[in-house]
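K.L.:
Chain by chain, the residues run as shown.
Number of protein chains: 2
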Amino acid sequence: MASEYVSVSNLRFLLFDVLASPQLNRLGLYQDYDQEAYELALDAAKDIGDQFLFPIYREMDKNKAYHQDGVVHVHPGLKAAIKAIAEGGWIAAPDDFEHGGQQMPLSLLNACIFIFYAANANAAAHAFLTQGAANLIRSFGDAGLQKTYIPPMYAGDWQGTMALTEPQAGSSLSDITTTAVLTTEGHYKLKGQKIYISGGDHSAVDNVVHLMLARIKGAPEGAKGISLFVVPKYRQENGKLVSNDVTTSGIFGKMGQKGYVAAQLMIGEKDDCQGYLVGAPHRGLPQMFQMMNEARIATGLMATGTASGAYYASLQYAKERPQGRHPSNKDTGQQQVLIIEHADVRRMLLFQKAIVEGSLGLLLQCCYYADLARATEDKEAREQAHLLLELLTPIAKSYPAEMGTLAVSTGMQVLGGAGYCDDFPLEQYYRDIRVNAIYEGTTGIHGLDLLGRKVMMADGKAATLFLREVQTTIKEAMKMPALDPFGRQLTAAAMGLHQTTMHLVELAMKEAPEIFLADATLYLEYFGIIAIGWQWLKQAIAAEKALAGAERETEAFYRSKLAAFQYFFEYELPKTEGIRQRLHSSNRVTLETLPEWIL
Amino acid sequence: MASEYVSVSNLRFLLFDVLASPQLNRLGLYQDYDQEAYELALDAAKDIGDQFLFPIYREMDKNKAYHQDGVVHVHPGLKAAIKAIAEGGWIAAPDDFEHGGQQMPLSLLNACIFIFYAANANAAAHAFLTQGAANLIRSFGDAGLQKTYIPPMYAGDWQGTMALTEPQAGSSLSDITTTAVLTTEGHYKLKGQKIYISGGDHSAVDNVVHLMLARIKGAPEGAKGISLFVVPKYRQENGKLVSNDVTTSGIFGKMGQKGYVAAQLMIGEKDDCQGYLVGAPHRGLPQMFQMMNEARIATGLMATGTASGAYYASLQYAKERPQGRHPSNKDTGQQQVLIIEHADVRRMLLFQKAIVEGSLGLLLQCCYYADLARATEDKEAREQAHLLLELLTPIAKSYPAEMGTLAVSTGMQVLGGAGYCDDFPLEQYYRDIRVNAIYEGTTGIHGLDLLGRKVMMADGKAATLFLREVQTTIKEAMKMPALDPFGRQLTAAAMGLHQTTMHLVELAMKEAPEIFLADATLYLEYFGIIAIGWQWLKQAIAAEKALAGAERETEAFYRSKLAAFQYFFEYELPKTEGIRQRLHSSNRVTLETLPEWIL
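Same order as they appear, the protein sequences are chains X and W.
Read left to right, the first sequence gives residues 349 to 947 (our numbering).
Read left to right, the second sequence gives residues 349 to 947 (our numbering).
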């Protein structure tokens with residue numbers, strides 16, 4: 349097993365040198381969080397990762413979850429892992445002090461969650477799914493719901509879920525058919541079926557609290573008739589937990605994340621499933637978007653964490669495995685060199701590092717915007733931060749999922765045959781990470797979200813703000829001779845994106861939305877490369893500055909940063925050119941090819 | 349389970365309309381192979397695929413091979429599958445009539461092998477590994493070896509393998525240390541260890557015949573001291589099979605291809621392992637290259653076959669699964685549309701099709717060159733065909749492996765959550781296909797082979813011949829108004845490749861080979877896109893011609909071809925631009941980043 353899975357130094361660099369996140373303590377909400385508090389939190393998270401999460405990552409795969417005699421059995425270590433996270437205060441962390449939370453800045457919290465995900469995404473996901481569900485109850489639930497449900501969730505005793513998908517309604521949420529009927533006692537009776545419910549039932553907790561979408565009888569059709577309910581596995585009656593008629597009919601056999609259950613639930617088969625309305629009727633979808641948006645950032649973090657684990661595993665292998673010689677030395681009398689000596693292996697490692705650390709930069713940037721949107725008093729700044737967060741969320745979810753999958757595949761390639769075999773963890777990382785491009789909206793859905801909604805919202809204000817952010821970074825870079833050419837390169841690439849956006853917006857005005865949106869997935873990829881390029885330029889600025897005063901023992905860290913930065917600009921940024929060409933083409937092969945012509 | 353896995357119509361199109369392969373019957377060797385013979389062969393192969401291979405594809409994964417009490421147990425259906433292939437004459441097929449073969453054109457044979465691989469690569473691989481091993485014995489073995497080993501191999505009773513890799517010698521074959529000592533009886537005694545030996549031991553055959561590389565005691569160091577041996581699991585003594593001291597110490601736990609064993613073998617632990625020299629001493633590596641080159645084409649076919657199975661599985665799903673509505677219609681009162689109606693789903697399907705059918709085109713093109721190299725009397729034509737085959741082999745191996753992996757991933761994405769779960773075959777295709785970028789030399793090794801050896805060999809003659817082939821196709825395309833713009837596009841892209849080649853060759857002359865070869869993997873990718881673009885243009889020419897006279901019921905086939913062709917030129921060909929940019933850059937980040945700076 350690889351000995352490392354995450355770089356805490358890198359998290360410090362991103363939080364302190366790039367984002368200056370501890371300076372958020374100028375805002376009242378976060379006044380307790382100075383740099384020392386950040387350090388303590390990171391160290392505490394790393395301890396939990398080391399002790400409770402990383403050691404069971406592979407075991408949870410080899411001894412996968414299974415459903416037998418009505419019980420979903422999970423790895424015995426999972427209970428301790430969830431409890432350790434809960435007892436560290438991590439589930440409650442984002443909540444206010446008055447509610448028993450830590451009022452922790454989201455950029456810090458998510459840096460710590462990243463550590464957990466890198467150590468073992470499949471265990472950690474349980475706790476942070478519960479966190480999102482509890483947040484949702486806090487935001488929209490009444491005092492009774494908050495009092496009953498949140499404390500055991502924060503304690504890690506009850507699992508939270510998001511129960512949205514049904515067999516006929518996955519991407520198309522407006523088609524859900526689970527019904528809710530108001531009873532004379534004030535609660536609702538629910539009936540229906542939910543599938544792919546992550547953490548939907550398992551033996552490491554005492555109860556499961558589903559945040560479930562359903563349609564109140566007589567509600568309007570479509571998205572405007574969906575309501576949000578708390579639906580527990582066991583409900584409280586006379587101080588006791590009794591069955592609430594939510595039955596697990598099976599768990600899905602997944603390619604990866606085999607320790608993290610996706611359950612199929614039958615709701616109200618005996619007509620005895622109670623649901624408790626959260627917020628107003630028919631407001632379920634907009635309310636649920638709070639949790640979905642958090643879950644999208646979490647998915648990006650999970651993908652990046654998995655890619656981080658894979659990166660360190662392949663890096664270790666590359667530094668230990670001798671094979672081959674340099675092209676200019678074919679003398680087999682001499683020892684073989686370590687494979688990290690080969691340019692192509694370094695290329696693969698730098699690719700992994702560029703994806704992991706670039707993605708992480710963007711994710712923490714999003715969390716930083718969320719902090720501003722939450723804590724700043726300045727209305728304008730708050731709105732801007734909110735718009736940037738909204739705009740970047742589909743990218744922060746999809747880029748790490750798509751590119752992280754390729755990064756892990758590259759990590760496997762570093763190991764060659766060993767990477768394909770289960771003596772090493774790469775094959776598990778490879779299977780595990782792939783689901784992130786499907787979770788919380790497939791990549792295609794996020795392309796539509798980015799181009800069809802986020803770029804268009806507020807008259808394009810978010811996209812304009814984003815370009816301004818990029819330009820600010822470029823301006824700073826161009827003051828530094830070493831970074832000036834890279835600043836120019838990003839300027840050209842960002843202008844290209846801007847022109848493409850204009851071109852597509854024009855199409856949107858002239859043509860049917862089908863045409864404008866046909867290649868939204870490519871647009872998402874394009875935007876993602878620019879956004880990560882921006883993040884790398886920010887990191888390069890910080891690294892250049894730090895390098896000037898670095899001691900010999902810290903020099904390597906910044907050199908490493910600058911190498912991955914250069915890699916990104918040399919190998920990844922040029923990929924925008926091919927995408928740009930396609931997005932400006934008038935050929936409409938995907939639209940004009942009839943279904944019966946796809947054979 | 350998907351009902352289809354391959355398009356025989358497409359194989360007919362490639363063999364008849366694109367390659368005109370039956371016209372090879374002008375050459376004496378293939379005179380019996382008219383179009384009817386081709387049709388018969390394809391139908392016979394499809395029958396075996398339908399009856400023996402496809403039905404056990406998923407079972408071989410779910411009931412994976414295991415090693416217990418000294419026996420490697422495989423799925424019981426495997427024996428029948430191998431026997432069906434053998435009894436159909438498929439293992440012996442490439443051999444001459446006088447040796448009991450069918451003298452079958454390699455383009456036809458490999459089209460049929462493609463059917464087998466698409467149906468079930470993990471079962472079929474056993475038979476064609478045996479074929480490659482038998483071919484090698486035929487080419488270099490003496491009469492005694494041929495008489496003893498080939499008949500039971502052709503009968504499917506004995507498994508052939510290629511036993512090259514050792515723990516310390518994978519990519520670096522010149523470092524193998526298995527030793528061979530000549531005995532007074534004329535055979536050698538072998539001692540050593542081999543790993544990752546595909547089909548290296550299993551219960552579906554009576555014996556295993558390893559074509560093994562070893563070093564004769566006192567041989568020169570490195571590649572020039574390696575010899576080739578036949579090393580059976582059981583040797584014949586007094587008409588009986590007795591143990592030959594080849595012990596399976598374990599099988600590797602692979603992410604995929606779980607029904608197709610990779611064995612770890614201990615050779616001569618009891619000092620009683622006999623090996624029989626094949627060909628001359630110290631000529632093992634050049635001889636083995638015959639089998640390795642065949643295996644590289646086979647790996648490309650295996651990857652393409654797996655991607656073909658995945659394509660048809662996702663196509664079927666896309667035509668059956670309703671989800672969502674068109675962007676211009678949000679009326680949830682109306683039924684959901686089939687997902688194939690969505691532009692992004694069509695994009696994903698066309699991507700898969702473009703990769704599968706483009707790769708297959710290149711592979712059969714290579715086999716066609718192999719036919720010419722084998723059967724033509726014209727020395728010049730033979731040499732040219734041989735050079736083209738040599739040049740294109742690393743591409744025909746790597747492009748399908750790399751891009752096929754992405755195509756299967758895209759197929760999984762078409763299914764969304766269902767694709768990640770084992771109710772559908774996509775997750776198995778995803779796990780299975782990934783190994784092809786590792787088998788028979790990783791992609792990085794093939795980049796070095798292409799740029800460092802193949803492009804440079806014979807003073808660059810092969811690359812020149814390739815460009816001539818591409819130009820011939822372009823010239824024909826530009827006579828057709830519908831294809832003229834695509835002809836121009838490929839001209840520009842091919843010229844770009846040519847200029848990049850010149851640039852790199854210049855570097856090779858001025859600088860150390862490390863510099864010239866640093867991005868050989870990118871060069872391989874670049875070359876691959878051009879080669880597949882060429883193949884698609886050839887297919888488009890044939891489709892345009894056929895469409896002119898097509899009946900209504902065959903029209904869809906050619907429309908489908910032209911759609912995938914356009915997809916490739918719109919979405920894939922532009923990717924060369926980013927690669928070209930990088931290959932012309934003077935930034936040497938992968939070379940100049942010290943190992944200790946990769947953190």
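Honestly, the hints are just simulated from the structure, not real lab data.
Please note that the accuracy of each hint is not assured.
One copy or two, either will do: identical chains are not told apart, so a pair holds if it fits within one copy or between any two.
[To be verified] Think about it this way: if two alpha-carbon atoms lie no more than 30 Å apart in a straight line, the pair counts; the simulated DSSO-like pairs of lysine-lysine are:
no., residue 1, residue 2
1, K431, K618
2, K678, K809
3, K427, K667
4, K923, K858
5, K572, K678
6, K678, K858
7, K823, K572
8, K823, K565
9, K565, K678
10, K572, K667
K.L.:
Are the hints correct? Go through all of them and say.
P.N.:
We went through each hint and held it up to the structure:
1. K431 / K618: neither (33 Å within a copy, 54 Å between copies)
2. K678 / K809: Result: close only across copies, 25 Å inter versus 59 Å intra.
3. K427 / K667: neither (35 Å within a copy, 43 Å between copies)
4. K923 / K858: both (28 Å within a copy, 28 Å between copies)
5. K572 / K678: between (70 Å within a copy, 12 Å between copies)
6. K678 / K858: between (63 Å within a copy, 19 Å between copies)
7. K823 / K572: For K823 and K572, neither the intra-copy (45 Å) nor the inter-copy (58 Å) Cα distance is at most 30 Å.
8. K823 / K565: Neither, since 57 Å and 67 Å both go past 30 Å.
9. K565 / K678: between (77 Å within a copy, 21 Å between copies)
10. K572 / K667: Close across copies (29 Å), not inside one copy (56 Å); limit 30 Å.
Violated hints for the displayed structure, listed by number in ascending order: 1, 3, 7, 8.
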